[in-house]
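Colleague: Here is what each chain is made of, one letter per residue.
2 protein chains.
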Amino acid sequence: MNYPKEIRINEMVLRDGLQLEEKVLSVEEKHSIYDSLKKAGIQSFEFGSFVHPKLVPQMANSGELFTEIAQDAEGIELIALVPNLKGAQKAQELQVKEINFVFSASDTHNMQNVRKTTEQSIEELKEIHSFSKESGMKLNVTVATSFGCPFEGEIPESRVLSCLKELEPLQIHTVTLADTTGMANPKQVSELMSKVVSEFPQLDLGLHFHNTRGMGLANILAGIEAGVTRFDAALGGLGGCPFAPGATGNVCTEDVVHMLHSMGMETNADLSALLEASASLEKLIGHPNKSYILKAGPYDRKYPVPELSN
Amino acid sequence: MNYPKEIRINEMVLRDGLQLEEKVLSVEEKHSIYDSLKKAGIQSFEFGSFVHPKLVPQMANSGELFTEIAQDAEGIELIALVPNLKGAQKAQELQVKEINFVFSASDTHNMQNVRKTTEQSIEELKEIHSFSKESGMKLNVTVATSFGCPFEGEIPESRVLSCLKELEPLQIHTVTLADTTGMANPKQVSELMSKVVSEFPQLDLGLHFHNTRGMGLANILAGIEAGVTRFDAALGGLGGCPFAPGATGNVCTEDVVHMLHSMGMETNADLSALLEASASLEKLIGHPNKSYILKAGPYDRKYPVPELSN
Numbered sequence: 001m002n003y004p005k006e007i008r009i010n011e012m013v014l015r016d017g018l019q020l021e022e023k024v025l026s027v028e029e030k031h032s033i034y035d036s037l038k039k040a041g042i043q044s045f046e047f048g049s050f051v052h053p054k055l056v057p058q059m060a061n062s063g064e065l066f067t068e069i070a071q072d073a074e075g076i077e078l079i080a081l082v083p084n085l086k087g088a089q090k091a092q093e094l095q096v097k098e099i100n101f102v103f104s105a106s107d108t109h110n111m112q113n114v115r116k117t118t119e120q121s122i123e124e125l126k127e128i129h130s131f132s133k134e135s136g137m138k139l140n141v142t143v144a145t146s147f148g149c150p151f152e153g154e155i156p157e158s159r160v161l162s163c164l165k166e167l168e169p170l171q172i173h174t175v176t177l178a179d180t181t182g183m184a185n186p187k188q189v190s191e192l193m194s195k196v197v198s199e200f201p202q203l204d205l206g207l208h209f210h211n212t213r214g215m216g217l218a219n220i221l222a223g224i225e226a227g228v229t230r231f232d233a234a235l236g237g238l239g240g241c242p243f244a245p246g247a248t249g250n251v252c253t254e255d256v257v258h259m260l261h262s263m264g265m266e267t268n269a270d271l272s273a274l275l276e277a278s279a280s281l282e283k284l285i286g287h288p289n290k291s292y293i294l295k296a297g298p299y300d301r302k303y304p305v306p307e308l309s310n
Numbered sequence: 001m002n003y004p005k006e007i008r009i010n011e012m013v014l015r016d017g018l019q020l021e022e023k024v025l026s027v028e029e030k031h032s033i034y035d036s037l038k039k040a041g042i043q044s045f046e047f048g049s050f051v052h053p054k055l056v057p058q059m060a061n062s063g064e065l066f067t068e069i070a071q072d073a074e075g076i077e078l079i080a081l082v083p084n085l086k087g088a089q090k091a092q093e094l095q096v097k098e099i100n101f102v103f104s105a106s107d108t109h110n111m112q113n114v115r116k117t118t119e120q121s122i123e124e125l126k127e128i129h130s131f132s133k134e135s136g137m138k139l140n141v142t143v144a145t146s147f148g149c150p151f152e153g154e155i156p157e158s159r160v161l162s163c164l165k166e167l168e169p170l171q172i173h174t175v176t177l178a179d180t181t182g183m184a185n186p187k188q189v190s191e192l193m194s195k196v197v198s199e200f201p202q203l204d205l206g207l208h209f210h211n212t213r214g215m216g217l218a219n220i221l222a223g224i225e226a227g228v229t230r231f232d233a234a235l236g237g238l239g240g241c242p243f244a245p246g247a248t249g250n251v252c253t254e255d256v257v258h259m260l261h262s263m264g265m266e267t268n269a270d271l272s273a274l275l276e277a278s279a280s281l282e283k284l285i286g287h288p289n290k291s292y293i294l295k296a297g298p299y300d301r302k303y304p305v306p307e308l309s310n
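Residue numbers (full-length UniProt numbering), protein chains in the order written: chain A, 1 to 310; chain B, 1 to 310.
Next comes chain A alone, as it looks inside the complex (with noise of 0.2 Å):
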């Protein structure tokens, strides 16, 4: 297997990583983290969402976050999710450059998160794509539950699929598949993937994986051996969907880094500036977090040989 050179991490803590957090972050806690993590050379956030803020009230000072970080945040992507027009709205207002529209393939999902069917949120994306378009914002779209659904169990290869096709008219390039409650496997992502890239040869496409059944890692090699090359990821491995049962961390960005690099592949991240952030966040959140990397170590990291007592 040729692994490619070079891996982009998308970073969710912001959002993803805080919204299943019982404390909610201060606008200057949040800028914390964005630092240590900016400093540690990650260059893609998605910093926060506009979602009703009485449904997710850890996301409420998105907007003042945006504020003060797109201020010094030359080089980087900053990116709101949206589940909505009025999201796109408020994002447009406060000048951000870069959406994500999150819609579900699962039905019941969508109608759990948005009140929506899938096929009543991709008319609101069509609308949303206009408006982004005269608005000069970036549009990127994820499809929630692309591996499977917590209400509805499996979700068929050919559903994804044909969300997929909906997108083409629109012309939106940038799309991840998103594992929302981490039931994927590897078998699994191989297949669907193999099946996206060579239909959509045009997507830059990402995967969004939860480490729920501790098979993250092992997602994503799928997904890289299968032509992707952009993750989602979490410091700390922090995260979930709060209208999804069972949800728990996304795949935890110190983790996915020191496997990528350990086998050679680059992604513009230095791992012990990573494992500071990741310390600094376990202090602002009151809790241990769930990366491996910070509890043990690098894989290259020596011990002392102790004495021998005879």
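Treat each hint with caution, since some may be false.
Intra- or inter-copy, both count: the list cannot distinguish identical chains.
Stated by the list, open to error - Distance condition first, Cα-Cα at most 30 Å in a straight line; then the derived DSS-like pairs of lysine-lysine:
id, residue 1, residue 2
1, Lys-187, Lys-302
2, Lys-195, Lys-5
3, Lys-126, Lys-90
4, Lys-187, Lys-5
Since the hints were made in silico from the structure, they are not lab data.
Model the placement of chain B on the given structure of chain A, informed by the hints.
Modeller: For chain B alone, kept in the frame of chain A given last:
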């Protein structure tokens, strides 16, 4: 990728799994773990080790345990770890039918483990080989730190291959390569195991991974893709080597089985029964274990759909 139809699991919880636990389990408690695993279809166990009881007190009752479980072990492999000839003699006295001799590819780790260089341990292996042949015990070999040493760092592939070369004249056919402190990555596993499989086609090869850096499942897949079909794993992901700093749990049996089954591979294990065993294990050891599936449930777990409030 055509995956093999069946993967064999060798259950390590009674040996590697328990040897780092603070609480020393009684024969009765260990027996109950054995029974729950046997009920779940596990057919191969490393049930304990014959090492000095002062060095690893958790294993001091391995002999008593064997005497009990051997009475009802039709079709089950019961394997004892032995670090030296004395251990092999002890096993033989108790009428153990299968032993696993462990030495380390790293001199420094081997010295910490058994106060001998690798070469000295291989010399001792020759004696054990003669002894076990005379006694009619089956002899397996595990080469520890095959993917890296916590003291020496990188272990060159040539070192592992030359260890295996030394086993050839002894006609030992069941050999396991162990990633004792979870330093391996999937690329490394793929590269080393492809060489081992092609240079030593006569071997029944196994792999032993720890999930120290979160790559355990990905490493297993890399091993399967290289042609390996036998894997060590421990219920609840317990375990670690007492003489290797930074050692943490083995790959978790129920998480391994869940991944393999979800990818269409078979084991002889029943996942629901394994999860029951895992829940009972937590009660015995008095702290949560490391299983993802015990927490999240299998990938096909479905949740009831909440009523929408509007």
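Colleague: Look at each hint and say if it fits the structure.
Modeller: Tested hints:
1. Lys-187 x Lys-302: So Lys-187 and Lys-302 pass the 30 Å test across copies only (21 Å; inside, 35 Å).
2. Lys-195 x Lys-5: both (23 Å within a copy, 24 Å between copies)
3. Lys-126 x Lys-90: within (17 Å within a copy, 75 Å between copies)
4. Lys-187 x Lys-5: Answer is both: 23 Å inside a copy and 14 Å across each meet the 30 Å cutoff.
Hint violations for this structure: none, all hints satisfied.
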